[in-house]
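Asker: Build out the structure end to end from the sequences listed, making use of the hints.
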Amino acid sequence: MAVSALNVAAPVPKPSLHQTFKSKPISAFRSIASSSSHSRVSEVPLALESKSSTKKRIFDMGLGLLAASIVFSAPLDANATRIEYYATVAEPSCELNFAPSGLGFCDVSVGTGPEAPLGELVNIHYTARFADGTVFDSSYKRARPLTMRIGVGKVIKGLDQGILGGEGVPPMLVGGKRKLQIPPELAYGPEPAGCFSGDCNIPANATLVYDINFIGLYK
Numbered sequence: 001m002a003v004s005a006l007n008v009a010a011p012v013p014k015p016s017l018h019q020t021f022k023s024k025p026i027s028a029f030r031s032i033a034s035s036s037s038h039s040r041v042s043e044v045p046l047a048l049e050s051k052s053s054t055k056k057r058i059f060d061m062g063l064g065l066l067a068a069s070i071v072f073s074a075p076l077d078a079n080a081t082r083i084e085y086y087a088t089v090a091e092p093s094c095e096l097n098f099a100p101s102g103l104g105f106c107d108v109s110v111g112t113g114p115e116a117p118l119g120e121l122v123n124i125h126y127t128a129r130f131a132d133g134t135v136f137d138s139s140y141k142r143a144r145p146l147t148m149r150i151g152v153g154k155v156i157k158g159l160d161q162g163i164l165g166g167e168g169v170p171p172m173l174v175g176g177k178r179k180l181q182i183p184p185e186l187a188y189g190p191e192p193a194g195c196f197s198g199d200c201n202i203p204a205n206a207t208l209v210y211d212i213n214f215i216g217l218y219k
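In terms of UniProt numbering, the numbers along the sequence shown are unbroken and rise by one, the last being 219.
The set of hints was computed from the structure by calculation and includes no laboratory data. Hints are not guaranteed to be accurate.
As the list claims (entries may be wrong) - Only pairs whose alpha carbons sit at most 27 Å apart, straight line, appear in this in silico DSSO-like list of lysine-lysine:
1) K141 to K177
2) K177 to K219
3) K157 to K177
4) K219 to K141
5) K157 to K141
6) K219 to K154
7) K157 to K219
8) K141 to K154
9) K154 to K177
Stated by the list, open to error - Now the in silico label distances, taken between C-beta atoms and shown as ranges:
10) C195 to L146: 16 to 22 Å
11) S197 to V174: 38 to 44 Å
12) G198 to T112: 42 to 48 Å
13) D132 to T112: 30 to 36 Å
14) L96 to N205: 18 to 24 Å
Idealized CB from N, CA, C, for every residue including glycine.
Answerer: Pasting the structure below:
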């Protein structure tokens, strides 16, 4: 080994006071280290220098890649943050009105477009919560609106009535935003829903709160 070669080197006799020394060129040290162990010892500083420069190049390349990833990922991160915001923050509060069916509703903003025709496909964005404010579903987290057929029993009764209108509830207009408080009898009733392998997303007799954004008619 390189260290042992240094340890077993023969001692050098002490020179007399009158002896003179001549400095040897660097190439002389390389010629002295003819054995493999001495060669490794003499090349340690060069190897360290080579490793140091290699590490520096790798570090510089890493900084460049990091900077590039920040530049290219910024729009995606901003978009993801915006989606998460809309998926977890409720629309501004409004005073609920209640239909005879028990459906609570209020308009955050009234749309200026057409009504949803019975049986037609519509696009909506929504965030669904339990009564305590816990989010259990959101189209914003999927980054695309939900397309559904309105008024023909394809969704829970509270959504049909809350968007299409009827029984004291005005129809939503395209561009409008509405908050719905849906009692269990207009939602999933006494049975849990969204179950998979014994775990259910929605418990029995749950009151649901929906923030609806009526994007438009499906084309």
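Asker: So, for every hint listed, does it hold in this structure?
Answerer: Tested hints:
{"no.": "1", "hint": "K141 to K177", "in the structure": "holds (18 Å)"}
{"no.": "2", "hint": "K177 to K219", "in the structure": "holds (20 Å)"}
{"no.": "3", "hint": "K157 to K177", "in the structure": "holds (18 Å)"}
{"no.": "4", "hint": "K219 to K141", "in the structure": "holds (23 Å)"}
{"no.": "5", "hint": "K157 to K141", "in the structure": "holds (24 Å)"}
{"no.": "6", "hint": "K219 to K154", "in the structure": "holds (19 Å)"}
{"no.": "7", "hint": "K157 to K219", "in the structure": "holds (24 Å)"}
{"no.": "8", "hint": "K141 to K154", "in the structure": "holds (22 Å)"}
{"no.": "9", "hint": "K154 to K177", "in the structure": "holds (21 Å)"}
{"no.": "10", "hint": "C195 to L146: 16 to 22 Å", "in the structure": "holds (20 Å)"}
{"no.": "11", "hint": "S197 to V174: 38 to 44 Å", "in the structure": "holds (39 Å)"}
{"no.": "12", "hint": "G198 to T112: 42 to 48 Å", "in the structure": "holds (46 Å)"}
{"no.": "13", "hint": "D132 to T112: 30 to 36 Å", "in the structure": "holds (34 Å)"}
{"no.": "14", "hint": "L96 to N205: 18 to 24 Å", "in the structure": "holds (20 Å)"}
The structure shown violates none of the earlier numbered hints.
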